[in-house]
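**Q** Here is what each chain is made of, one letter per residue.
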Amino acid sequence: MSSFLIECKDLTIGYEGVPVVKDLSFSVGEGDYLCIVGENGSGKSTLMKTLLGLKHQTKGEIIFGGGLKQTQIGYLPQQTVAQKDFPATVREVVLSGFLGKKGLLPFYTKAEKEKCRHNMELMGITELAKKSYRDLSGGQQQRVLLARALCATEKLLLLDEPVSGLDPMVTAKMYEIIDSLNKNQGITVIMISHDLQGALKYGNKILHMESGEYFFGTTGDYRRTDIFHEMSTCQCNCDCDHHTGAIKTEGGDVNA
Amino acid sequence: MLEMLQYDFMVKALIVGLLVALCSALLGVSLVLKRFSMIGDGLSHVGFGALALGAALGLAPLSVAVPVIVIAALILLKISSNAKIKGDAAIALVSSSALAIGTIILSKTTGTTDVNSYMFGSIMAINDEDLILSVIYSVIVIALFIFFYNKIFAVTFDEGFSKATGVKVGAYNTIIATLTALTVAVGMRIMGALLISSLIIFPALTSMRVFKSFRAVTICSAVVSCISYITGITLTFYLDFPAGPSVVIVNLGVFIIFTLVGIITGKRK
Ligand SMILES: Nc1ncnc2c1ncn2[C@@H]1O[C@H](COP(=O)(O)OP(=O)(O)O)[C@@H](O)[C@H]1O
Ligand SMILES: [Mg+2]
Numbered sequence: 022m023s024s025f026l027i028e029c030k031d032l033t034i035g036y037e038g039v040p041v042v043k044d045l046s047f048s049v050g051e052g053d054y055l056c057i058v059g060e061n062g063s064g065k066s067t068l069m070k071t072l073l074g075l076k077h078q079t080k081g082e083i084i085f086g087g088g089l090k091q092t093q094i095g096y097l098p099q100q101t102v103a104q105k106d107f108p109a110t111v112r113e114v115v116l117s118g119f120l121g122k123k124g125l126l127p128f129y130t131k132a133e134k135e136k137c138r139h140n141m142e143l144m145g146i147t148e149l150a151k152k153s154y155r156d157l158s159g160g161q162q163q164r165v166l167l168a169r170a171l172c173a174t175e176k177l178l179l180l181d182e183p184v185s186g187l188d189p190m191v192t193a194k195m196y197e198i199i200d201s202l203n204k205n206q207g208i209t210v211i212m213i214s215h216d217l218q219g220a221l222k223y224g225n226k227i228l229h230m231e232s233g234e235y236f237f238g239t240t241g242d243y244r245r246t247d248i249f250h251e252m253s254t255c256q257c258n259c260d261c262d263h264h265t266g267a268i269k270t271e272g273g274d275v276n277a
Numbered sequence: 101m102l103e104m105l106q107y108d109f110m111v112k113a114l115i116v117g118l119l120v121a122l123c124s125a126l127l128g129v130s131l132v133l134k135r136f137s138m139i140g141d142g143l144s145h146v147g148f149g150a151l152a153l154g155a156a157l158g159l160a161p162l163s164v165a166v167p168v169i170v171i172a173a174l175i176l177l178k179i180s181s182n183a184k185i186k187g188d189a190a191i192a193l194v195s196s197s198a199l200a201i202g203t204i205i206l207s208k209t210t211g212t213t214d215v216n217s218y219m220f221g222s223i224m225a226i227n228d229e230d231l232i233l234s235v236i237y238s239v240i241v242i243a244l245f246i247f248f249y250n251k252i253f254a255v256t257f258d259e260g261f262s263k264a265t266g267v268k269v270g271a272y273n274t275i276i277a278t279l280t281a282l283t284v285a286v287g288m289r290i291m292g293a294l295l296i297s298s299l300i301i302f303p304a305l306t307s308m309r310v311f312k313s314f315r316a317v318t319i320c321s322a323v324v325s326c327i328s329y330i331t332g333i334t335l336t337f338y339l340d341f342p343a344g345p346s347v348v349i350v351n352l353g354v355f356i357i358f359t360l361v362g363i364i365t366g367k368r369k
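Chains as they are written, first to last, in the numbering used here: chain A, 22 to 277; chain B, 101 to 369.
Chain B on its own, in the form it takes in the complex:
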């Protein structure tokens, strides 16, 4: 563990990764319950396209990715809250188009070897500028999440009642979508475009196997996500596993354990 920390890139990967793991776990609970987890998936593919474009134009990756993903998040939110459009199909359309555009841009500019690192993540990917921006964005996400926690619960649990009693449901949905966009943008390089959404979905699903209050599920998700990330990144360092997949594998393991615990404690009741 300590040996890992002697490397500069590992320290960066740990700091950024832990912050992303925390942010995505917090937001994940609401996204999963709102059936919005597809949005996270769609955003990561849009982010892939944006990163590729940024790289081709020689711009700092986050400076292109953040605005593009935030705008995409607002559009996807609009699509999925419109009953007339088939939301999941529309998101799939946007995802695959962004993926295709990004891959073509990469193959024509920096070469296809980069595709692998963009898709599945790399712990070497964080430079100093990314580090600072990532920390700033993550702290904003966490602070806003805590500040709006009760409202996020309310609009997740019962949008109709919330709206009827004067909660600004549209504004809070926009906040959730924007925070998700920031989290995806920050986490994409380490986790990879294909796997970042699992960081959003897994911890929430895992915690819901065992805990029954919104607060307990939120806290447990945060803890599970951070522990899974540290474990995954340690596997990456010592066994040379690719970063994103090893974090996902650890998350899967914890999910299975929690499911078993949930079945056992559920039966005893």
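Here chain A stands alone, though its shape is the one from the complex:
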């Protein structure tokens, strides 16, 4: 295991001196599909922002390997609160995903416009291209931002709760697209998710965050932990029964 894309050592991150993430160590290899799970407020989004350089850690270090450059990273923020009256069309927003890698070049190329069209089609938002971003529903906005993230992605894709707010059909399609990027194009994926089922199905590594307590390892190892059992029973108690079935069968698969 020498080809780390990202390696975090003893990371402590906080707001105004109050630590949110404490002494966290983990690593992401090239081609990994890491799912970050855990309760609300455990610092998942904060960690992702720190990986992206939007926030500074108070302690510890983040090492980037594999020649990873900032301009090769795609990012889906957790539901950006778009300004109420911001004038921007869907196409303008999606295209802006390319800007990081353009350096000083001022205008979009034909190839970029073509790729933008392709990504909008993937997300099923082609007919929204000329619509105003602010007039879309939450789920539609999410898909626009995902298309923008795809435009930016060359090596690494960071997703902060990509499927929350999407209907089941779109969720399934989204997982497929991300999975295909990971498997077929070798894009490394880091995804924050509350959908444990999806995380276990597609991810190969799990980072579980709870206040002060972390698990990091493969999905297989994760299934054998106490936190996992607590989490899966908890999820089953509070709502539906489909979680129970799915997790149990899949857990069975691994053990078998």
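No lab work stands behind these hints: they were computed from the structure. Take the hints with a grain of salt, since some may be wrong.
Quick list of the computed label-pair ranges, beta carbon to beta carbon [unchecked claim]:
id	chain 1	residue 1	chain 2	residue 2	range
1	B	M224	A	A150	47 to 53 Å
2	B	T359	A	A150	26 to 32 Å
3	B	T359	A	M190	37 to 43 Å
4	B	V239	A	S46	50 to 56 Å
5	A	L125	B	S163	26 to 32 Å
6	A	E135	B	I356	38 to 44 Å
7	B	A200	A	G233	50 to 56 Å
8	A	M190	B	G260	27 to 33 Å
9	A	E251	B	A192	49 to 55 Å
Under the rule of at most 25 Å between Cα atoms (straight-line distance), these lysine-lysine pairs were calculated in the BS3-like manner [to be verified]:
id	chain 1	residue 1	chain 2	residue 2
10	B	K186	A	K131
11	A	K76	B	K312
12	A	K152	B	K312
13	A	K80	B	K184
14	A	K134	B	K312
15	A	K151	B	K312
16	A	K122	B	K268
17	A	K122	B	K186
18	A	K90	B	K268
19	A	K90	A	K222
20	B	K208	A	K136
21	A	K136	B	K312
22	A	K123	B	K268
23	A	K80	A	K131
24	B	K134	A	K123
25	B	K184	A	K152
26	A	K176	B	K134
27	B	K134	A	K194
28	B	K134	B	K312
29	B	K268	A	K76
30	A	K76	B	K134
31	A	K76	B	K186
32	B	K134	A	K151
33	A	K134	B	K178
A short, non-exhaustive set of chain A residues, derived as facing chain B with CB atoms under 7 Å [stated by the list, open to error]:
id	residue
34	P98
35	A109
36	P127
37	E135
38	S153
39	L157
C-beta atoms are modelled at their ideal positions from N, C-alpha and C, and glycine is treated no differently.
Knowing the structure of chain A, use the given hints to seat chain B with the ligands on it.
**A** Then chain B with the ligands, alone, in the frame of chain A:
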């Protein structure tokens, strides 16, 4: 209209004013959306102080005002992007101090009658040297705006994403602030220190009532701003209105019309 153009000072006021109207409208869209419009206001007051100082020292107004306003812009940008400082309060502090200093300097040197022209603008104010400098600065602002248009959109729409994907957000914010400073410096004498910021804010707000894409809003702002300026300056010439206020009044009229159009078309949808 043609009669206006027989006067040298009117031709200068038209050339400089139109360029300023264009520059401020282009930048205004981003400034308004970034909640930075207060910076334009703060800068104009700093500019007032700088002009007064320049006049007292017997220097060409723009040669003092441009560097002072650019530096002030960078400081104000720093202040308003720092979450710990109350940005609007700090800007108000800087504004009123610069205003006070400028007024005292003027009253002790050239006399208070000049205060009126500095505050509310004058079409007689442009001399040949100003004209050349104004044209050069305006062309630079417009060229850089077009060149960086897509990035300006990106850092205005979503600074976090832009930064995360490698856009030099800090550099582009600095560029926006510097271009705004140049525009304010060039436009201050015609529009006046109190009113130049309205040239930045009005066209953007007006266009946003009706248009929904960033590009359409930008283009519409530019057109609205230039038409409002020509109309305003014509009122100044024929009805002897003060220059800045008449341009602002026309802008207000267009804003009201666009708001009504926006309500009507919005309802029909
Ligand atoms: N900008 C901020 N300033 C201060 N505290 C914050 C800020 N953002 C998040 N926090 C706090 O940090 C903690 C972790 O937040 P976050 O990373 O968003 O959690 P998660 O994404 O896991 O739900 C929360 O307790 C939250 O209140
Ligand atoms: Mg979060």
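**Q** Compare the structure with each hint and give your call.
**A** Hints and how they fare:
{"no.": "1", "hint": "M224/B with A150/A: 47 to 53 Å", "in the structure": "holds, 50 Å"}
{"no.": "2", "hint": "T359/B with A150/A: 26 to 32 Å", "in the structure": "holds, 27 Å"}
{"no.": "3", "hint": "T359/B with M190/A: 37 to 43 Å", "in the structure": "holds, 40 Å"}
{"no.": "4", "hint": "V239/B with S46/A: 50 to 56 Å", "in the structure": "holds, 55 Å"}
{"no.": "5", "hint": "L125/A with S163/B: 26 to 32 Å", "in the structure": "holds, 30 Å"}
{"no.": "6", "hint": "E135/A with I356/B: 38 to 44 Å", "in the structure": "holds, 43 Å"}
{"no.": "7", "hint": "A200/B with G233/A: 50 to 56 Å", "in the structure": "holds, 54 Å"}
{"no.": "8", "hint": "M190/A with G260/B: 27 to 33 Å", "in the structure": "holds, 29 Å"}
{"no.": "9", "hint": "E251/A with A192/B: 49 to 55 Å", "in the structure": "holds, 53 Å"}
{"no.": "10", "hint": "K186/B with K131/A", "in the structure": "violated, 44 Å"}
{"no.": "11", "hint": "K76/A with K312/B", "in the structure": "violated, 32 Å"}
{"no.": "12", "hint": "K152/A with K312/B", "in the structure": "holds, 8 Å"}
{"no.": "13", "hint": "K80/A with K184/B", "in the structure": "holds, 22 Å"}
{"no.": "14", "hint": "K134/A with K312/B", "in the structure": "holds, 20 Å"}
{"no.": "15", "hint": "K151/A with K312/B", "in the structure": "holds, 9 Å"}
{"no.": "16", "hint": "K122/A with K268/B", "in the structure": "holds, 11 Å"}
{"no.": "17", "hint": "K122/A with K186/B", "in the structure": "violated, 34 Å"}
{"no.": "18", "hint": "K90/A with K268/B", "in the structure": "holds, 13 Å"}
{"no.": "19", "hint": "K90/A with K222/A", "in the structure": "violated, 29 Å"}
{"no.": "20", "hint": "K208/B with K136/A", "in the structure": "violated, 64 Å"}
{"no.": "21", "hint": "K136/A with K312/B", "in the structure": "holds, 24 Å"}
{"no.": "22", "hint": "K123/A with K268/B", "in the structure": "holds, 11 Å"}
{"no.": "23", "hint": "K80/A with K131/A", "in the structure": "violated, 44 Å"}
{"no.": "24", "hint": "K134/B with K123/A", "in the structure": "holds, 23 Å"}
{"no.": "25", "hint": "K184/B with K152/A", "in the structure": "violated, 37 Å"}
{"no.": "26", "hint": "K176/A with K134/B", "in the structure": "violated, 31 Å"}
{"no.": "27", "hint": "K134/B with K194/A", "in the structure": "violated, 35 Å"}
{"no.": "28", "hint": "K134/B with K312/B", "in the structure": "holds, 17 Å"}
{"no.": "29", "hint": "K268/B with K76/A", "in the structure": "holds, 15 Å"}
{"no.": "30", "hint": "K76/A with K134/B", "in the structure": "holds, 20 Å"}
{"no.": "31", "hint": "K76/A with K186/B", "in the structure": "holds, 21 Å"}
{"no.": "32", "hint": "K134/B with K151/A", "in the structure": "holds, 23 Å"}
{"no.": "33", "hint": "K134/A with K178/B", "in the structure": "violated, 35 Å"}
{"no.": "34", "hint": "P98", "in the structure": "holds, 6 Å"}
{"no.": "35", "hint": "A109", "in the structure": "holds, 5 Å"}
{"no.": "36", "hint": "P127", "in the structure": "holds, 5 Å"}
{"no.": "37", "hint": "E135", "in the structure": "violated, 17 Å"}
{"no.": "38", "hint": "S153", "in the structure": "holds, 4 Å"}
{"no.": "39", "hint": "L157", "in the structure": "violated, 11 Å"}
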